[in-house]
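Below, each chain spelled out in residue letters.
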Amino acid sequence: MINAAVVFDKVSKSYPMYHHITGGIKNLIFHLPQGIRSIKRTRYEVFHELSFEIKKGETFGIIGRNGVGKSTILGLIAGVLRQSQGTIVVNGRISPLLELGAGFHPDLSGRENIILNGVLMGLTREEIFKRVNDIIMFSGLDQFIDQPVRVYSSGMLTRLGFSVVAHLEPEILLIDEILAVGDIDFQKKCLERMAEFKKNNVTIIFVSHSMLNVERICDRVMWMESCTQKMIGSTNIVVKAYKEHE
Amino acid sequence: MDSKLKRKLQYYFDLILVLTQKELKVRYKNSVLGYLWSVAHPLAFALVFFIAFKVVVKIQIEDYALFLIAGLFPWQWFANSVNASPMILLGNASIIKKVGFPRYFIILTQVIQDMIHFLLAIPVIILFLFLYHKTPYLSWLYGIPVLLTAQFFIIYGICLIVASTNLFFRDLERLTILSTMLLFYFTPVFFDEAMIPRQYQNFLYLNPLSLLIVNWRMLFLSGKINALYLLGSYSYAGFIFLIGYMVYRKLSWKFAEVL
Ligand SMILES: Nc1ncnc2c1ncn2[C@@H]1O[C@H](COP(=O)(O)OP(=O)(O)O)[C@@H](O)[C@H]1O
Ligand SMILES: [Mg+2]
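Chains as they are written, first to last, in my numbering: chain B, 138 to 383; chain A, 164 to 422.
Chain B extracted, bound-state conformation:
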């Protein structure tokens, strides 16, 4: 337990179907009985009693088809979502979720978003200022850094997102399918950086559809199927089985 970065113990996660959101409060009041029943009854279970452990310093891949709950697992680890049942233990400072269209405010400039992400991650402004130049340099976006990120392409957002996270010294790095949009050059840079993280004993949790990248960096892989895990083990075995299955 002590050298585990993340432990899932019989974790279940279900989402309610929020029909009432689109209807608004007016609708709920006019259709009160049905409304309450529909909130209570219709839940969609993404997975049931999922258990696994990720060791400190490990690079752990999660693979599987769309909608099996890979992003949900990362959200639970990041503390953005909450499980319906079971226990989750996380040891270490977590990076923001790195996904397509990363966690930036569209109206702020790249530079302002760097600072915002930094404080949200738990750093003081002083600690962030020390790193801002490195982040901008790594992203290769210095020409655009003072423009609102609303005008960035998705590739540029990914660059900025990865650069921020890479320099804020996370202990657990969560990466959700981001390499898919970056250009080859930047993908290479990211993978190099991740190799560096691995050396420094940072735990990396990596969701990807690129088996090539998964094979290149992951130590172990979990293959998710609807409602549960299909397989968990060393990368080459799981990826091989996954490829044969697809």
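Derived by calculation from the structure, the hints in this document are not laboratory data.
There could be a bad hint or two in this list.
[Said to hold, decoys possible] Result set (DSSO-like, lysine-lysine): computed pairs, CA atoms no more than 27 Å apart in a straight line:
no., chain 1, residue 1, chain 2, residue 2
1, A, LYS417, B, LYS163
2, B, LYS193, A, LYS167
3, B, LYS267, A, LYS167
4, A, LYS260, B, LYS192
5, B, LYS325, B, LYS380
6, A, LYS413, B, LYS147
7, A, LYS217, A, LYS387
8, A, LYS260, B, LYS193
9, A, LYS188, B, LYS267
10, B, LYS163, A, LYS413
11, B, LYS377, B, LYS336
12, A, LYS417, A, LYS260
13, A, LYS171, A, LYS260
14, B, LYS192, B, LYS147
15, A, LYS417, B, LYS147
16, B, LYS267, A, LYS171
17, B, LYS267, A, LYS169
18, A, LYS260, B, LYS147
19, B, LYS193, B, LYS325
[As the list claims (entries may be wrong)] Here are the in silico distance ranges between beta carbons for each label pair:
no., chain 1, residue 1, chain 2, residue 2, range
20, B, GLN222, A, LEU283, 47 to 53 Å
21, A, LEU301, B, SER291, 57 to 63 Å
22, B, LYS147, A, ARG412, 22 to 28 Å
In this text, a Cβ means the ideal position worked out from N, Cα and C, and glycines have one as well.
Assemble the complex: chain B is given as a structure, and chain A with the ligands must be docked to it using the hints.
Just chain A with the ligands, lined up with the frame of chain B:
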């Protein structure tokens, strides 16, 4: 241990500062403009009420312009925060969905920001005092913090409730704007509480804002505070904040799911 605490306080300060800067940037494009708006808006209202009630209706209140702004500025803080609260979490969806920080900081920031605007508007009240040949009172030194604290918790509590529940219904914005507008006419901002007919006077105490506004105006115009009203305000503050906190506690973990 001491340096750890210091870093923690520094961190919370930075977090609120960065969130406030962001909000000002997003809403007004720059912070000076934001401040000017927060002063111009109540002054414009004061002008309208002055024309309507002093010039046209000939209301019997002395120093009516001063009377108006002494109530309008604290009201403005309340109305601005509460009216902004339905959209505040939606406007920050992108960060709420990615980072697991305490979400109440976003709501807190909104309230603090409008509070600072209110404090920065006090010089305007002083200016009006001088225009009416009066001077600020020494009792403000404790009076302002005391009223500020009560009002802060009332507003923060309401904002927690409205912001949290709006994520699940999404149509609270119109309802909120309508409610604050109606409440305005039931709050002695542009009229004196003594003008309310005796048999309705008790309704004054049902409105948490009335007690505060009456005290703010007394403090600004005569340097005094009604202790009984103050007690009432603090009871409301404790009660409303408690409810707000419980609603937030119950709903906050779902924010990222429904955004
Ligand atoms: N906020 C949400 N509310 C309701 N259902 C959701 C929400 N987020 C995801 N889901 C559902 O949960 C399932 C798993 O989603 P996700 O974790 O994004 O899968 P993946 O990342 O593996 O593609 C999907 O069926 C999706 O529709
Ligand atoms: Mg996903």
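Checked hints:
Among the hinted pairs, LYS417 (chain A) with LYS163 (chain B) is consistent with the structure: their alpha-carbon atoms are about 21 Å apart, no more than 27 Å. Straight-line distance between C-alpha atoms of LYS193 (chain B) and LYS167 (chain A) comes to about 25 Å, which keeps the hinted pair within the 27 Å bound. A C-alpha spacing of about 20 Å is found between LYS267 (chain B) and LYS167 (chain A), which places the hinted pair at or below 27 Å, so the restraint holds. In summary, the hint linking LYS260 (chain A) to LYS192 (chain B) is supported, as the alpha carbons are separated by about 25 Å, within the 27 Å threshold.
The straight-line distance between the Cα atoms of LYS325 (chain B) and LYS380 (chain B) is roughly 24 Å, inside the 27 Å bound, and the hint therefore holds. The hinted pair formed by LYS413 (chain A) and LYS147 (chain B) meets the criterion: a straight-line CA distance of about 23 Å does not exceed 27 Å. This hinted pair checks out: LYS217 (chain A) and LYS387 (chain A) have alpha carbons roughly 25 Å apart, not beyond 27 Å. A C-alpha spacing of about 25 Å is found between LYS260 (chain A) and LYS193 (chain B), which places the hinted pair at or below 27 Å, so the restraint holds.
Proposed proximity of LYS188 (chain A) and LYS267 (chain B) is supported: the alpha carbons are some 23 Å apart, at most 27 Å. The suggested pairing of LYS163 (chain B) with LYS413 (chain A) holds, with an alpha-carbon distance near 22 Å, which does not exceed 27 Å. A hinted pair counts as satisfied when its Cα atoms are at most 27 Å apart, and LYS377 (chain B) with LYS336 (chain B) qualifies at roughly 26 Å. With a C-alpha separation of about 10 Å, the suggested pairing of LYS417 (chain A) with LYS260 (chain A) holds against the 27 Å cut-off.
The straight-line distance between the Cα atoms of LYS171 (chain A) and LYS260 (chain A) is roughly 24 Å, inside the 27 Å bound, and the hint therefore holds. In summary, the hint linking LYS192 (chain B) to LYS147 (chain B) is supported, as the alpha carbons are separated by about 17 Å, within the 27 Å threshold. A distance of roughly 20 Å separates the Cα atoms of LYS417 (chain A) and LYS147 (chain B); the hinted pair therefore holds under the 27 Å criterion. For the proposed pair LYS267 (chain B) and LYS171 (chain A), the alpha carbon gap of about 18 Å is at most 27 Å, so the pair holds.
For the hint pairing LYS267 (chain B) with LYS169 (chain A), the CA-to-CA distance comes to about 19 Å; that is within 27 Å, so the pair holds. Of the supplied pair hints, the one linking LYS260 (chain A) and LYS147 (chain B) holds, its CA atoms being roughly 24 Å apart against a limit of 27 Å. Of the pairs offered as hints, the one joining LYS193 (chain B) and LYS325 (chain B) holds, with about 24 Å between alpha carbons and a cut-off of 27 Å not exceeded. A hinted range of 47 to 53 Å for the beta carbons of GLN222 (chain B) and LEU283 (chain A) is consistent with their spacing of about 49 Å.
A beta carbon spacing of about 60 Å between LEU301 (chain A) and SER291 (chain B) agrees with the range 57 to 63 Å that was offered as a hint. In this structure the supplied range 22 to 28 Å holds for LYS147 (chain B) paired with ARG412 (chain A), their Cβ-Cβ distance being about 25 Å.
In the structure shown, no violation is registered for any of the earlier numbered hints.
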